[in-house]
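**Student:** Next come the chains, spelled out residue by residue.
2 protein chains.
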Amino acid sequence: MDIISENRAFGGRHIRYSHASKVTNCTMTFAVFLPPFASKDNPVPVLYWLSGLTCTDENFMQKAGAMKLAAQLGMAIVAPDTSPRGDDVADAPDGAYDLGLGAGFYVDATQAPYAKHYQMYSYITQELPELIESNLPVTRERAISGHSMGGHGAIMIGLRNPRRYTSVSAFSPVSNPTDCPWGHKAFGAYLGEDKSTWQTYDSAELLRSEKHEVPLLVEQGNDDQFLQEQLKPEALVNAAQQSDSQLTLNMHDGYDHSYFFIASFIDEHLEFHASHLGLI
Amino acid sequence: MDIISENRAFGGRHIRYSHASKVTNCTMTFAVFLPPFASKDNPVPVLYWLSGLTCTDENFMQKAGAMKLAAQLGMAIVAPDTSPRGDDVADAPDGAYDLGLGAGFYVDATQAPYAKHYQMYSYITQELPELIESNLPVTRERAISGHSMGGHGAIMIGLRNPRRYTSVSAFSPVSNPTDCPWGHKAFGAYLGEDKSTWQTYDSAELLRSEKHEVPLLVEQGNDDQFLQEQLKPEALVNAAQQSDSQLTLNMHDGYDHSYFFIASFIDEHLEFHASHLGLI
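Chains P and D, in that order, give the protein sequences. Those letters in the first sequence? Residues 1 to 280, by my numbering. Those letters in the second sequence? Residues 1 to 280, by my numbering.
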């Protein structure tokens, strides 16, 4: 891992790293916040944050306002990039914001030209935590959260790997990607037209399929411009009811899809994860 | 005032406005955070935040993490732009980051080609507060703070207008612009070669010239890459000692010039201003 930059923040450290990824076949970038006193002798649990379309490792760290409470709680935060990057990494043919670079959708692509690099599911669930747990002062206790495309990623990954993540949360997630334009476009390009392969990456379908015990918290603004067409949190509610799974969905009047919404409620999510990680 | 965008945040509102400025002869942009319950019947005091080189009205609102406590304290925040803008506004001849657009240095320029638009001192001290106090649910109680070039602006403006600002603070200010490269370049271009005109815009010179009573708080990182050449907080310390003025300067090991530093200590500055504004 090579350090791109390091800043002291809230008594801890914000560090951006790059590293060669075997899974995505390119150089990947991620950011980590290490709280004060994190050390080999005092390793801390990790909240993974998966960002939304167009984001990099930087948006959450700069805009969410999460570090102050994370420092107090003794929780590390890892913010990966949202796709593979590089000159030889295929982008959307038209450079669209919702496919290709910045839009990996946290799946393992099977289709050309994406399959060579777009292996974000394996990267997030396997390679990245192994790298972090081998090199940084953290435990193997993990929680996962994210926003929009990353909210989809967090719920989907958390439901598929209940023993790997203590708790799962999301802001404004793409709840049912097999039934919205963003999901159709991305899953079609990455996974192909056989929609049976899409189900394993769909949060609502996973939640519907069996009773899940992992604590699941979702925040959603009522004035979110993507609510009706892309996000569809009602699909999660229906799925949780059908499978008798636990889900807390908080709707908020007047809030939109922006980081102002995330910042307004991120502390509640940190406390939710901290309680399940045994920090409070 | 025209609304550019509005977001709910922390129970309050973040609003970006544009307006025609008579002082700068162009369309100006600013952002405001209004805390919950601010209304004509419950007007709130205002903290003005002056940003640094290359910034706009957006950086502080997105990166400082100030809204949560401001919402709790019942304090509005106004973040102006850092210069006039527009196709007919003169920029630095070479497009440099430290002169012209994004680099108004909060002075009233007297020199061509800048004098026509670069009247930031009058804009910040007169036109903008009059506009805000006529149109938004705020009182005439004001505090002022800023970062780097904006830290210079905040201290300089606060010292020159002690009855207009209850309290003054700064992060990493350009403390003595008449004695550093940024200041030499900007003051030379905006004010001309007669350095007697520079003194009235120099925080350290103003602080040295007479005993000042306004509460003054300065935060500075020891690992700031601009500390030795551009910022020179020791000039403020020496000036305060000579004039027997009050100054609190907090030095912080390991912190740099970034927003991670500002975010780490912004709450202490909000509480400082809130105490002098009578909010706590």
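A few of these clues could be false.
[Unchecked claim] Below, simulated EDC-like cross-link-like pairs (lysine to aspartate or glutamate); rule was C-alpha separation at most 16 Å, straight line:
no., chain 1, residue 1, chain 2, residue 2
1, P, Lys63, D, Glu58
2, D, Lys63, P, Asp87
3, D, Lys195, D, Glu210
4, P, Lys116, P, Asp87
5, P, Lys63, P, Glu210
6, P, Lys185, P, Asp94
It should be emphasised that the hints constitute simulated quantities derived from the structure, not laboratory data. Bear in mind the structure is a predicted one, so any value in this text is a computation, not a measurement.
**Student:** For each hint, tell me whether it holds in the structure or not.
**Tutor:** A quick look at each hint next to the structure:
Under the criterion of a C-alpha separation no larger than 16 Å, the hint pairing lysine 63 of chain P with glutamate 58 of chain D is consistent with the structure, at around 11 Å. Simply put, lysine 63 of chain D and aspartate 87 of chain P have alpha-carbon atoms about 30 Å apart, too far for the 16 Å limit, and the pair is violated. As the CA atoms of lysine 195 of chain D and glutamate 210 of chain D are separated by approximately 20 Å, the hinted pair breaks the 16 Å bound. At roughly 13 Å between alpha-carbon atoms, lysine 116 of chain P and aspartate 87 of chain P fall within 16 Å of each other, so this suggested pair holds.
A hinted pair counts as satisfied when its Cα atoms are at most 16 Å apart, and lysine 63 of chain P with glutamate 210 of chain P does not qualify at roughly 36 Å. Note on lysine 185 of chain P and aspartate 94 of chain P: the hinted pairing holds, with a Cα-Cα distance of about 13 Å set against a maximum of 16 Å.
Going down the numbered hints, you'll see the structure goes against 2, 3, 5, while the others check out.
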